[in-house]
Amino acid sequence: MEIRPILSALSRNKTGAFLIAAQIALTFAITINAAYVIRDRLATAARPSGVDDEDRVVAVRFAMTSSQNIDALQQRDVATLRGVPGVESVAITNQIPFGGGGWSGGFAVGNTRESPNVNAGMVFDNGDVLKTLGVKVIEGRYFTPDEIMVIDPDTSRDTPPVVLVTRELAKAMFPSGESVLGKTIYLGNTPDAPAVRIIGVIGLMETPWASVSAKHLYSVVFPQRLLQTENQYLLRLKPGALEQTKQAVLAALAKNDPDRVAGRDGLASIAKMRAKRYRGEHAVAGLLIAVTVFLLIVTASGIVGMASLWVNLRRKQIGVRRALGATRGDIVRYFVTENLLITGTGVVAGVIAAQLLNAALVRQMTLPQLPWPGLAFGVVALIVLGVGSVLGPAVRASRLSPALATRSV
Amino acid sequence: MFGYYLRLGLRQLRRSPVLTSLVILTLAVGVAASMSTLTVLYMMSADPIPQKSDRLLTVTLDNAPADSDSKPEDIPRGLSWLDVKALREGGKGLRRSGMYGTGGIVEPQKSGVKNFVAQGIAVDRDFFAMMDVDFKFGSAWRKEDDRDEARVVVISRAMSQKLYGDESPLGRTIKFNNGEFRIVGVLGQWHMLPRFYLMENGRRSGGSTMSDEEEIFLPLSTAIATEQDINGNVNCQSDAAPGYKGLVVSECTFMHYWVELASASDRSDYREYLHAYVGQQKARGRLPRPDQTGLYNVRDWLSFIGVVDDDTRLQTWLAFGFLSVCLVNTIGLLLAKFTSRSGEIGVRRALGASRAQIFAQYLLEAAVLGLVGSVLGVVLAYGMLHIMATQSPDLAALAKMDSLMLLTTVLLSVAAAVLAGLLPTWRATQVVPALQLKSQ
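For the record, the sequence lines run as chains A and B.
Throughout, the working numbering is defined as the position within the first sequence, counted from one, plus 118.
Throughout, the working numbering is defined as the position within the second sequence, counted from one, plus 8.
Hints are supplied without guarantee of correctness; some may be wrong.
As the list claims (entries may be wrong) - Which chain A residues stay away from chain B? Per the calculated CB distances, all over 10 angstroms, these: (1) 160; (2) 235; (3) 256; (4) 260; (5) 266; (6) 360; (7) 370; (8) 387; (9) 401; (10) 417; (11) 419; (12) 424; (13) 448; (14) 450; (15) 483.
Said to hold, decoys possible - Partner residues aside, some chain B positions facing chain A, computed with beta carbon under 7 angstroms: (16) 251; (17) 278; (18) 319; (19) 330; (20) 339; (21) 341; (22) 344.
If you're looking for bench data, these hints aren't it; they were derived computationally from the structure.
Where is the CB? At the ideal position from N, CA and C, for every residue including glycine.
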C-alpha cells in the first residue's frame, strides 16, 4: 500500500523516527534479557525438593550448654516428641533440605586417583528421616533397624558399611544406566578411603545448600545417629496441625533440658526455609519485573507522545487528505503503517542489541543464552505494544474534521 | 544572564505541565533505578578499611596430601591450626592474628533475660589494633593473656547493653558455653562491612555473611584450649583423628590468618618469608605439593572470594540500560517541548539573541528539569532501597545511601537531563527567525 509517501514523509522527520526506533531497540534488548533472567530465577526457586508436603515437615536445632550424655538426651527427646499430639513422626539428622549448613564429601567409584570425586551431601538417618521427609526408596531397600549405628565423633571415625544414594547422584557416578544396587563407592579417591555399599536408590532429595547446579540433588544417606550437639530434630506434623503443636513441641523439648537454646529460626517448616533460601532469586526477579514494567510504560508513553506531536504537526496535511477523499480508515492506516515501519526497524536493531547485551552478560556472569522462541515472542509483543500505543493518536487524527483542519491554510 | 535564564527555566516548568511532568517523571524513575542498584554495588565493593587495606594481608596454602588430584581452584581458602600457630609464632609483620568463627550459649544469670546464642570469634590480641577497633569500655586483653590461655573476653556494645545496661561491665564474669570469662573490653562503634576477615565464600554460598556482627571475642589460644565450636567451613583433604583434639592437630582448614605490615612495600619481603616458611615445612615432611602460596591484601581478597555477586552486577547493568531508555525518551519529550516554542525562539532571534544565547538558555532549562527530577529521583531511590533492605539482612546493611551517592544522584539526574537536552537545544538554535515570524 501507501509505503512510498510514508517513507518520504519519514525522511523529512528523521530525528523523531530515529529516537522512537532507538528506544524500541533498547527496550527490546533489555526486556528480553530481563525476562529471560526472571524465568531462570523463578524456575530455580520452584524446583521440587522431594519433600512431599513442605508445610508439614518442620525442623529445630538446639545449642547445648554442657557436654551431657547426648545419647540419652536424644533418645529421651525422641520419645517425648512422639508423645506430643499432632506429631506424626520424629527423626534425628545432621542436615535438612534448604537448611543452609551441613556435611558434604567427595565420593568416587574407585579408591584410586583416576576416578574423580563427586561432591555430595551426607545425610545421617537415625531410621526415621526418609519417612519424616516423605522421600521414597525407588529401588532396592531401606535400612534395617540393626544397620543403624550410633557414633560418637569424639571417639570414633567409623562409617556405616551400607548407604542409600539419590537417583541423580547414581546417574552422575554411573552414567551407563546400569543398576547401582550392590555397587561399592568410596568416601574419597585415596587408597585408605572408607568403602560403602549401595543398597538402595531414593528419589529427589534437596541438599541443605540447594545450589543452582545439578549437584543440588546429590546426596548419600548413611544409617547412623551421630552424637553431636549440632543435630536437628525433624518432625512431620499431622495434617491440620496448628500453631499450638509447634509450641507444644518446643515446650516439651525445653522441659527435657531447660538450659539449651533453640536456633535463631526456632521451629521452621521446610516451606519457610525454602522461601529463605530463594529470597535472593525472588528479589532479583521482582526487581527485574518492576524494571520491565516501567520500561514498557515509558516506551509506550514515548510513542504516544511522539505520535501526538506528529498528528499536531500534520493537521493541515490530514485535513487536505480527508478533503481529497481519504477515509478515516486511511488516516488510521497511515499512522499505524508508519509506526509499524519504525517499530519494525527498532525491533530488528533490538534483536541484534539483545544478542550483544546477552553476550556481554554471559561473558561477565553465569547466565544462560537467549533462546530463539523467546526472541520471536518478544518481537511480536513489542510490535503489538507499538501499534497499541499509536492507535489512540491515530484515531484522534482520523476524527479531525477536514473543514477545521484546512481552515488555517 | 545565568540568573535570568535560570528564572526563565523555572517559569517554563509551569508551561505545558503534562510534558514537563512526563520529562521529570521519566528522568526520576531512570535515575532512581540506577542509583539504588549502584548504591548496593558501591557499598558491596567498598573498601572496609581504606586507611590500611593495602597493608593487611591474608595467606592461603596448598596443604593437600601429595597424591591428591586437587586443582589450583581447590586450594583451601582457610588455614589449619598447624600453619596459623607457626605463622603467628614466626613473628613476621607488625601485627598478626589467627581467627575462626565460633558461637555458643550465653547464660546471663540475670532474671528476665533467658539464655541466648551469641555469635563469636576467636582472635589474637593484635586483631583489635590491626582492625582499628575502638572501645566503649576497657581495651583489648594483655599480651600475656594470649600466651596464658586466659579466660577473658571482649563483648559487643549491643550485648553489654542487653546484659548490663549503661553500666561498665569491666571485671564482671560472663558464662559462655559453660565456661567463666572475665570481661576486659566493650566495643565502641566499630563495624566492618563487608566483614572481610572471616569471609571466604562471597555472598549466599553459606559460611559467614558480610553483615554479621560478632558479639563475643575471645583469645584464640583460649578457644583452642577450651575447644570452642567452629562456626564456619571445615575442609579436610586428608583424614583426621576424631573430635576437636583430632581436628586441631590435623591438616583440616578452618581458620584465617591476617597480618599487618608496616608498609605496603614490605609485601614482596613477606612473600619471600612465606616461601621460606613453606620450604621449612617441606623439610619437616608437610606441604608436599608444589608451593602455591596465596597472598592477598584486603581488596585482592574481596575480589578473590567474589564479594560482589553476579546478581548485583546484573541488576546494575540492567538498571543503567533502563536509564538509557529513559534518556532517549527524554530527548523525544524535550524535542516536542522545544519545537512547540519555535515562534518564541524566532522572536528572540529577530530581536538580536545569538545562537549561543539560545543554546545556553535552553540547555539551562533542561538542567532545571534535571534538578527538579533529581529531587523526585532521590525520594524514589530511597523508596527502592527501603524495599531492597527488606529482602535480606545483608541487603539491609548495604542498602544505605551515603552523602557521596546522594550527590551522585543529583549530578546524574542533571547530567542526564543536559545530555538529553543537547539535541533538542541544537534544533532550537536552528530555527530560522524569518520563517517563524512570517507564519504568525
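**Item:** Index of numbered hints that the structure contradicts, given in increasing order
**Value:** Violated hints (numbers, rising): 2, 9, 10, 11, 12, 15, 17; every other hint is consistent with the structure.
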